[in-house]
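*Asks:* Starting from the given sequences, assemble the full structure and let the hints guide the process.
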Amino acid sequence: MQRRSLIAGTAALSLAAPSLARAQARTEIQYWYGLAGPLGERVAEQVKRFNDSQDRYTVVGSFKGSYIDTMTGAIAAWRAGNPPHIAQVFEVGTATMMAAGPAIRPVHALLADAGVELDPKRYIAGVRGYYSDTQGRLISMPYNSSSAIMWLNLDAFQKAGLSTTELPKTWAQVRAAAEKIKAANAAPVAITTAWPTWVMFEQMAAIHDVPFSTRANGFEGMNTELQLTAPFFRKHMEFLLGLQKDGLFRYGGRDNAADAIFPTGEVAISFNSAGNRARVEREARFKWISVPLPYHDDVIQSPKNGVIGGASLWALSARNRPAAEYRGVAEFFRFISEVDQDLWWHKSTGYVPITIAAYEKAKTEGFYVQNPGADAAVVQLSRAEPTPNSMGFRLGNFVEVRNVIQEELEKALQGQQGATAALEAAQRRGNVALRNFERANRS
Amino acid sequence: MERKTVFRGMTLPALLLLPQLAITIVFFFWPAGQAVWFAFLRQDAFGIRTSFVGFENFADLLADPLYLETAWNTLVFSVSVSALSLSAGLLLAVLADKQIRGAGAYRTLLIWPYAIAPAVAAVLWIFLFHPQVGLIGRALNAAGLDWDYRLNGGQAMLMVILASAWKQVSYNFIFFLAGLQSIPKSVLEAAAIDGARPVRRFWTIVFPLLSPTTFFLLVVNLVYAFFDTFGIIDALTKGGPAKSTETLIYRAYIDGRVNLDLGSSSAQSVILMLVVIALTAIQFRFIERRVHY
Chain B
1 MQRRSLIAGT AALSLAAPSL ARAQARTEIQ YWYGLAGPLG ERVAEQVKRF
51 NDSQDRYTVV GSFKGSYIDT MTGAIAAWRA GNPPHIAQVF EVGTATMMAA
101 GPAIRPVHAL LADAGVELDP KRYIAGVRGY YSDTQGRLIS MPYNSSSAIM
151 WLNLDAFQKA GLSTTELPKT WAQVRAAAEK IKAANAAPVA ITTAWPTWVM
201 FEQMAAIHDV PFSTRANGFE GMNTELQLTA PFFRKHMEFL LGLQKDGLFR
251 YGGRDNAADA IFPTGEVAIS FNSAGNRARV EREARFKWIS VPLPYHDDVI
301 QSPKNGVIGG ASLWALSARN RPAAEYRGVA EFFRFISEVD QDLWWHKSTG
351 YVPITIAAYE KAKTEGFYVQ NPGADAAVVQ LSRAEPTPNS MGFRLGNFVE
401 VRNVIQEELE KALQGQQGAT AALEAAQRRG NVALRNFERA NRS
Chain V
1 MERKTVFRGM TLPALLLLPQ LAITIVFFFW PAGQAVWFAF LRQDAFGIRT
51 SFVGFENFAD LLADPLYLET AWNTLVFSVS VSALSLSAGL LLAVLADKQI
101 RGAGAYRTLL IWPYAIAPAV AAVLWIFLFH PQVGLIGRAL NAAGLDWDYR
151 LNGGQAMLMV ILASAWKQVS YNFIFFLAGL QSIPKSVLEA AAIDGARPVR
201 RFWTIVFPLL SPTTFFLLVV NLVYAFFDTF GIIDALTKGG PAKSTETLIY
251 RAYIDGRVNL DLGSSSAQSV ILMLVVIALT AIQFRFIERR VHY
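These protein sequence lines are chains B and V, in that order.
Number 175 in full-length UniProt numbering belongs to position 175 of the first sequence; there are no gaps in the numbering.
Number 45 in full-length UniProt numbering belongs to position 45 of the second sequence; there are no gaps in the numbering.
Quick caveat, the hints were computed from the structure, so don't treat them as lab data.
Bear in mind that the values here come from a model prediction, so they are computed numbers and not experimental data.
Hints may be right or wrong, so weigh each one.
Below are the DSS-like pairs computed for lysine-lysine, each with C-alpha atoms no more than 30 Å apart in a straight line [to be verified]:
| hint | chain 1 | residue 1 | chain 2 | residue 2 |
| --- | --- | --- | --- | --- |
| 1 | B | LYS361 | B | LYS287 |
| 2 | B | LYS235 | B | LYS169 |
| 3 | V | LYS185 | B | LYS245 |
| 4 | B | LYS235 | V | LYS98 |
| 5 | B | LYS180 | B | LYS287 |
| 6 | V | LYS238 | B | LYS235 |
| 7 | B | LYS159 | B | LYS169 |
| 8 | V | LYS98 | B | LYS245 |
| 9 | B | LYS121 | B | LYS347 |
Listing some non-contacts, in silico: residues in chain V with all C-beta distances to chain B over 10 Å [unchecked claim]:
| hint | residue |
| --- | --- |
| 10 | PRO13 |
| 11 | TRP30 |
| 12 | GLY47 |
| 13 | LEU151 |
| 14 | ILE205 |
| 15 | PRO208 |
| 16 | THR214 |
| 17 | LEU272 |
| 18 | LEU274 |
Glycine is no exception: its CB is placed at the ideal position from the N, C-alpha and C atoms.
*Replies:* Here you go:
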């Protein structure tokens with residue numbers, strides 16, 4: 001009896017051994033991300049697909065809270081000597097990460113060491129440029145990229161007697177539409193915006209080909225200085241203040257606080273990230289469409305490309321981290337850059353495709369015919385050859401700079417100061433943040 | 001008269017103290033010490049490049065008019081929250097102390113808000129006061145009041161004060177109720193027989209006898225308003241609009257965790273530490289003397 005079970009046990013063990021060995025051979029890759037809700041579910045799904053697609057690596061995805069929580073968490077973990085292999089970092093953290101030298105593993109080096117070939121040219125120019133160094137080499141892995149676009153409530157447009165096919169393209173047309181919406185009381189609020197700094201300053205600077213800060217928006221060096229007192233920003237800010245004065249614009253709060261107002265039908269014209277598409281699709285009970293951002297046609301006739309937002313994936317280094325683990329990271333990066341994976345990601349999240357091939361495939365599949373406006377962000381990102389003003393932003397302490405602009409804008413909207421004073425204060429305080437970053441990273 | 005346990009030798013008392021000391025050192029002295037050390041450094045986010053800058057972080061802060069504005073905000077905020085939650089707690093406790101039907105249920109309901117996490121409390125307040133989505137917010141706007149806490153600094157401050165005070169009322173209520181119940185009934189009855197009316201009885205007997213409780217609660221409430229209201233502010237206003245609801249602790253968080261400027265954030269923590277030490281010393285030295293025990 002005892003012997004039989006012993007034999008059986010040995011047999012079972014020898015049968016189990018190969019699979020056990022294989023399971024142990026899987027290298028674990030820790031991946032920290034900062035997307036919640038439906039988007040977070042997509043990330044988890046993607047990780048599972050990768051794990052199922054091969055048997056050498058297991059990516060362990062962990063949701064770490066907001067983008068800021070994820071980034072500070074990863075930095076703290078690096079300081080403690082135990083960072084994750086991959087951290088998702090939002091685009092405003094790019095300069096901080098790039099300055100972190102030994103803490104990160106540039107993607108081009110990571111791929112080369114692992115023998116994984118990924119041609120940078122496969123990625124959409126506006127996405128690639130943001131995450132590349134001055135020599136055009138990828139430093140972080142493009143991942144979830146969005147752009148700011150205009151969201152229109154077509155029911156409100158119809159109610160106000162506006163065309164639902166000839167949609168506003170310029171700010172003057174947006175203003176005219178808003179006036180009609182207000183006159184017809186077609187929506188409680190005519191215009192609002194999410195991400196005030198990103199939309200009204202960064203995107204506007206890019207599409208109007210106006211420098212946001214010197215040294216090619218910081219791409220050419222940390223000694224960059226903000227250019228917010230330039231006439232263009234004054235013009236646009238005065239335009240916004242004028243809209244507010246006439247009851248056409250209503251401030252929706254900082255960052256993404258205005259997300260909720262558009263899907264409820266409270267506002268007719270909203271500006272928000274393309275990544276908001278999943279939410280609008282689920283919640284809106286009215287006809288809507290998303291189109292590229294408006295421009296001032298007395299400043300530029302054919303607007304430039306917009307800049308991206310969203311996040312990229314960073315490979316973090318650690319002492320004694322074996323090469324096999326870096327190779328696993330490289331394999332994961334290759335996987336998410338595959339055309340079909342990217343296409344699925346684009347269609348199910350609303351983020352723009354990161355590869356040109358996935359965009360072409362979505363087009364030939366007729367995705368944008370069935371989902372009008374789903375390509376607004378891609379069109380806007382790729383409609384022009386990026387100039388130094390529309391390539392993106394590489395500013396240190398960028399979160400702080402954004403908040404400074406937001407605060408001074410709020411003060412202006414409160415009526416405490418005019419456009420000129422607000423821009424001067426934003427420029428002064430923002431430059432202090434830039435200099436602090438320069439000092440901390442040069443010493 | 002006092003009973004003392006006398007240990008022979010030092011080993012056993014040292015061993016008994018060790019766990020407590022270890023916890024205090026690891027979780028209090030060590031991080032606090034690091035904060036003090038970091039306050040004199042400038043470093044990048046990853047701590048790769050670090051340099052000693054002396055008192056520069058402090059000098060930068062004190063020269064920053066926005067920091068002084070934030071200090072003033074904190075004062076207004078803390079005093080308002082403490083005054084409001086103390087008086088509301090006392091009023092409710094006095095009412096609950098009476099012989100009323102269903103006193104138990106009434107008391108339980110009053111204690112509930114204390115069990116709500118600050119972030120959840122803030123979401124409840126948003127549901128009520130959001131100008132477009134909130135029940136009361138919409139009503140206020142419909143009534144012709146221009147209610148929008150996202151842009152109006154005064155309204156934003158009012159909202160974080162109310163939300164923070166509301167959360168603390170339960171705590172004050174419990175302590176005041178316990179304090180009221182420990183006041184000897186015979187004293188009150190004697191006063192009543194002498195012809196003192198309820199209001200007079202309250203101000204001449206109850207209130208002075210409650211003063212130890214009030215004093216304790218005052219300290220606790222100020223510390224709460226200083227340090228524990230972070231969650232509510234973060235979820236409701238994020239310190240905005242235009243810094244109007246930014247308190248010192250919130251700014252230390254923003255500079256340290258969001259802006260990744262550990263030097264400045266540590267310097268702010270050190271300043272906060274000094275403020276609290278001073279506040280507590282003043283309270284115990286001058287106010288406690290006048291408290292009847």
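*Asks:* Please flag the earlier hints that this structure goes against, numbers listed from lowest up.
*Replies:* Numbers 3, 4, 8, 12, 13 - these are the hints that the structure violates, sorted from lowest upward.
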